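Chain by chain, the residues run as shown.
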Amino acid sequence: MSSEHNGRRPYLPPFRRDWWLQLRFYRLYMLREATVLPLLFFVGCLIYGLYSLGQGPAQWQLWLDFMAQPWVFVLNLLTLAASLFHAKTFFELFPRVMPLAPPRLMIAGQWLGTVVVAIGLIVLLGGYL
Amino acid sequence: MTQTIVIARYNPELDEKPHQETYQVQSDDNTSVLDALQQVQQQDPSFSFRWSCRMAICGSCGVMVNGVPKLGCQTFLRDYPVGLVITPLSNFAVEKDLIVNMEPFLEHLSAIKPWLINTAEGTQPHVQTPKQLAKYQQFANCINCGLCYSACPQFGLNPEFRGPAALALAHRYNLDSRDQGKAQRMPELNAKNGVWTCTFVGFCSEVCPKKVDPAAAINQGKVESAKDMIVSAFKPTGAR
Amino acid sequence: MLQLDMDIIVVGGGGAGLRAAIAAAEASPTLDVALVSKVYPMRSHTVAAEGGAAAVTLSEDSLQSHFFDTVAGSDWLAEQDVVEYFVQHAYQELVQLERWGCPWSRKNDGSVQVRRFGGMKTERTWFAADKTGFHILHTLFQTSLKYPAIERFDEYFVLDLLVVEQRVAGVLAIRYSTGELVQIRAKSVILATGGAGRVFHYNTNSGIVTGDGMALALRHGVALRDMEFVQYHPTGLPGSGILITEACRGEGGILLNKDGYRYLQDYGLGPETPLGEPRNKCMELGPRDRLSQAFWQQQKLGLTGDYQGHAVVYLDLRHLGDKHLKERLPLICELARDYVNVDPAKAPIPVRPAVHYTMGGVMTNIDCQTSIQGLFAIGECASVGLHGANRLGSNSLSELLVFGKVAGERAAAMALQNDFVSHQSIAEQTARQQALLSVLQGHNTDDSLVAIRTAMTKAMEEGCGIYRDADSMQYCLDHLISLKQRYQALKVEDQGKVYNNALLQHLELGFGLDVAMAICSSALARKESRGAHQRLDEGMTTRNDTEFLQHSLAVQQQDGSIDIRWQAVTITSLPPAQRLYGDCGAVNEGKTS
Amino acid sequence: MNNGTKQPKRSDEPIWWALFSAGGVCFAVLIPGVLLSLAVLYPLGLISAEMLSYERIHFMVFEAFFGLAGLAFVGAAICLPLFHAVHRIHHGLHDLQWAHGPVAKVICYGAAILMSAIALGLWIF
Ligand SMILES: Cc1cc2nc3c(=O)[nH]c(=O)nc-3n(C[C@H](O)[C@H](O)[C@H](O)COP(=O)(O)OP(=O)(O)OC[C@H]3O[C@@H](n4cnc5c(N)ncnc54)[C@H](O)[C@@H]3O)c2cc1C
Ligand code: SF4
Ligand code: F3S
Ligand code: FES
Chain A
121 MSSEHNGRRP YLPPFRRDWW LQLRFYRLYM LREATVLPLL FFVGCLIYGL
171 YSLGQGPAQW QLWLDFMAQP WVFVLNLLTL AASLFHAKTF FELFPRVMPL
221 APPRLMIAGQ WLGTVVVAIG LIVLLGGYL
Chain B
16 MTQTIVIARY NPELDEKPHQ ETYQVQSDDN TSVLDALQQV QQQDPSFSFR
66 WSCRMAICGS CGVMVNGVPK LGCQTFLRDY PVGLVITPLS NFAVEKDLIV
116 NMEPFLEHLS AIKPWLINTA EGTQPHVQTP KQLAKYQQFA NCINCGLCYS
166 ACPQFGLNPE FRGPAALALA HRYNLDSRDQ GKAQRMPELN AKNGVWTCTF
216 VGFCSEVCPK KVDPAAAINQ GKVESAKDMI VSAFKPTGAR
Chain C
7 MLQLDMDIIV VGGGGAGLRA AIAAAEASPT LDVALVSKVY PMRSHTVAAE
57 GGAAAVTLSE DSLQSHFFDT VAGSDWLAEQ DVVEYFVQHA YQELVQLERW
107 GCPWSRKNDG SVQVRRFGGM KTERTWFAAD KTGFHILHTL FQTSLKYPAI
157 ERFDEYFVLD LLVVEQRVAG VLAIRYSTGE LVQIRAKSVI LATGGAGRVF
207 HYNTNSGIVT GDGMALALRH GVALRDMEFV QYHPTGLPGS GILITEACRG
257 EGGILLNKDG YRYLQDYGLG PETPLGEPRN KCMELGPRDR LSQAFWQQQK
307 LGLTGDYQGH AVVYLDLRHL GDKHLKERLP LICELARDYV NVDPAKAPIP
357 VRPAVHYTMG GVMTNIDCQT SIQGLFAIGE CASVGLHGAN RLGSNSLSEL
407 LVFGKVAGER AAAMALQNDF VSHQSIAEQT ARQQALLSVL QGHNTDDSLV
457 AIRTAMTKAM EEGCGIYRDA DSMQYCLDHL ISLKQRYQAL KVEDQGKVYN
507 NALLQHLELG FGLDVAMAIC SSALARKESR GAHQRLDEGM TTRNDTEFLQ
557 HSLAVQQQDG SIDIRWQAVT ITSLPPAQRL YGDCGAVNEG KTS
Chain D
277 MNNGTKQPKR SDEPIWWALF SAGGVCFAVL IPGVLLSLAV LYPLGLISAE
327 MLSYERIHFM VFEAFFGLAG LAFVGAAICL PLFHAVHRIH HGLHDLQWAH
377 GPVAKVICYG AAILMSAIAL GLWIF
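Residue numbers (the working numbering), protein chains in the order written: chain A, 121 to 249; chain B, 16 to 255; chain C, 7 to 599; chain D, 277 to 401.
The set of hints was computed from the structure by calculation and includes no laboratory data.
Nothing here was measured: the structure is a model prediction, and the numbers come from that model.
Each hint should be verified, as a subset may be incorrect.
[Claimed, not checked] Cross-link-like lysine-lysine pairs, in silico, DSS-like; alpha carbons within 30 Å at most:
#	chain 1	residue 1	chain 2	residue 2
1	B	LYS197	C	LYS152
2	B	LYS150	C	LYS152
3	A	LYS208	B	LYS225
4	B	LYS146	B	LYS226
5	B	LYS207	D	LYS282
6	B	LYS242	C	LYS152
7	D	LYS282	B	LYS250
8	A	LYS208	B	LYS207
9	C	LYS329	B	LYS225
10	C	LYS490	C	LYS533
11	B	LYS197	B	LYS242
12	B	LYS150	C	LYS533
13	C	LYS352	B	LYS226
14	B	LYS226	C	LYS264
15	C	LYS113	C	LYS352
16	B	LYS150	C	LYS332
17	B	LYS226	A	LYS208
18	C	LYS152	B	LYS226
19	D	LYS285	B	LYS197
20	A	LYS208	B	LYS250
21	B	LYS146	C	LYS497
22	B	LYS146	C	LYS490
23	D	LYS285	B	LYS242
24	B	LYS225	D	LYS282
25	B	LYS226	C	LYS533
The shape of chain A in the complex, shown without the other chains (with noise of 0.2 Å):
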């Protein structure tokens, strides 16, 4: 190497593609953003019993059908899992963005909060009272 070089030769190496696959930290994170998938079939769902819904009592019960069929159960079973998994980490994370309280009061406050609305809607939809 000639003298007027002065010999640095920083070494970047390329980031890695398959840079979430490392470590286990970052293979939550990627499932963490994955929920959202079984999310947007669910978010399908929904889109298809509202319209299915405008459509009259027929169709209707096509959606309850479809909504039955086991296929579908896995699928949203599956999204469930992955709400809650959602919840999970979001809950988590609420605290940090707005430290309003101490975070495990914050943290099962907003579990309450899934609690109480689901078994609202249970007892609206099912009829329970």
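Mind docking chains B, C and D with the ligands on chain A? Use the hints.
Chains B, C and D with the ligands only, in chain A's frame:
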């Protein structure tokens, strides 16, 4: 006892790119990665790495241990019975062996105006209650080790991203009751390479040796930036 | 080779250097200030200071009292005019730091909180949690970023001063990243390179604290003053030397020898205080030097324990309980777990004395000016005359600020008045260094840097340790001379230019050897016991004001040997008196038992 | 002072992030309940088909509170979660280095806007 460690070596004057080499070091219950690196340096004086305080406060000795950013002086061989692979901090350019180019980090740090902005003159201390102090104290504990930059894939994908430590520092001054410089700092935060590159991966906070929680700082910064956008929308055009 | 001109060069990016650079930039924004440091400024050793910085703050406190504590603490070897200036300006400097954003700990009413500190009669130590040095350094570094006048040369290693006819002309440095030699000319130069604790085997200092600036000045004929005074801290961790703070003992921690006996009561520090009832100035809360000395006595009696080959005593915190420990001493719990694998709630922590601070340094006057025109020195590398024979904890951080500002302003004034020295001897000096560097590379057959360095630190530990006598010091000095010969034959094996770590370590060792010789020679010449310098030789175990109320000045001769001269101490208002401590067994810190 | 000269451009991300966050809350708080009742308990027979009869649901969605209940449901269970989802997809494409830049952005958020418009349209008509 002797333990085997693997270290990435790179000599820019000889090597095309980094390669890994294996070394034997003496270790006991208290042997830190830094101790081990020093032993390797005794075997091969051309081996280069940074260190200084050996008590986790100067921020010099960051390296990757099995792919995770760590302070060498605060990481112990006893915790790695399966062995260690020590490589330079990710997402920075390697200069030699474990030494990386920290200049981009310092540029990002300077860009957010990390100093108290307050034009009032005075010869007495400001009044600041413990409560006001507590608001920003955590974010003032950053030792500039850069581990969070190696942990953050968004920085890896976009080196223009100001990054966790710099944005945490901006937030630290913005939260300081004595500071009046928020308006001057917001443009950097509002920009694409400011808080908005972060997707809350959160690994930055996980690896931070000083529990600064830069992820929280950045995401609180997003709230501030969003508020700033609304406020600016109602300001007459032309106003800064 | 790179050549450039700057108005002012500050060598060192620690607390002292940064403060000086800011002062210079504020004094005149038109001046170019080069901040040259071998590590990034925020890596400097100042970052490790935990305790705090002193300044008279409370209304019941007084400048006289701080003055008295400092002078008495120095065992009357402080320059009293310097101490006066210091106590008058310390408060304003800490306020300045506050106004730059330093997160000082607060009282509930929002005012700054002060704490008690060893040797200070009243609470006057400002602190920022348990990370005072860290916060001071980062506040200064971040503040420095807003001055365009300050240009940083991070990771530039200064290896020589350019001096022409007793006037400083600039510095020569190696750019670590490329190995290039860089010549920077300047109108004034400020040395702020920190202490020299690393010439001792057991020390609490960072790896970079190798005495470079002291040696740079020494080699150009500047005297090093009071170098024999080296402060030991009684509780460092064995091996690493990491500091275990005094706060542990303040909380009620006790010191035990290998038999589990609280040995301090045998050294004039008793009577034994009951567990959990620590009393100021008694037993474990006695002065630092007395505790270190007691350790030495125990070691001689064979009563110290062994921790992996290191002699140790035990700091027992178990009776404080897990909860209390985690609450009050979280950092210590972490350090003990990490570095000696001990849970302080379950087992005592092995500790031993370790070198902590070098009181002496590059001799300056009250304006921080050395005997070379345009060359200033500040911080731990300097002896402006504040600490004398013993430094009080928390005075040094304030010193960095007070005298950093003085030096920055004076250097700026000088740079405005003067022009660059242009003299062909500059080129000659540069060429000589270049030549020296080029012959350094090669292979060593049977010697190594590590071998010489370890021999030096061990020799210093044995010859210039807590207690000293003529024989062991002479032995140490002879040993140092032979080490220096070995050093001169030593080669740097790494042939590379980029980040050549071996080369810098080599240069540091050369500096360290020179400083070690100055310490040892000064210690040999001071035939009395005073402050941190304690002798065992007959007739020298007490303070001797008739002969030695004087500063030692170490001056390097042509042949590399050290000549010792003496300088009278400036006494303005406080004549020498006994250095008495407290009510507990009339602990007299100045005398050996 | 340093660095004071050029100001970087403000990002439009706050808008999408605000929608994403609101959608995230819905996904975490509302969606589990909706899922549980419509997609789990109903198929399992724990909520009877009668209870989900056309009349009953039609009333709830289009008539209760002048139809506002239905509007709220469409917003919270469909539109906002859509924005939440596309936001993550948009960033995910960047994370995987598959696509970034204006095209991906227009497609992602455009899809959410379109689908939301359809859902609202279904509610109105
Ligand atoms: C563990 C510990 C705790 C302490 N706690 C306290 C306390 O509570 N209160 C108190 O008052 N004091 C305390 N002290 C002492 C105090 O911290 C130091 O005296 C002080 O920080 C020294 O500051 P400085 O600016 O002089 O040097 P440093 O902070 O050591 O900085 C030296 C600078 O010089 C540079 N340098 C050195 N050589 C070269 C070269 N050849 N070329 C280029 N650059 C070079 C380095 O890069 C560095 O930037 C403590 C010390 C220790 C060890
Ligand atoms: S935020 Fe934490 S990890 Fe990042 S530089 Fe600061 S101390 Fe290091
Ligand atoms: S890892 Fe990166 S993406 Fe954000 S939360 Fe931390 S900066
Ligand atoms: S050596 Fe200072 S942080 Fe590790």
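Inset, instruction - Against the structure, test the hints numbered earlier, and report the numbers of the ones violated in rising order. - result: 12, 14, 15, 20, 21, 22, 24, 25
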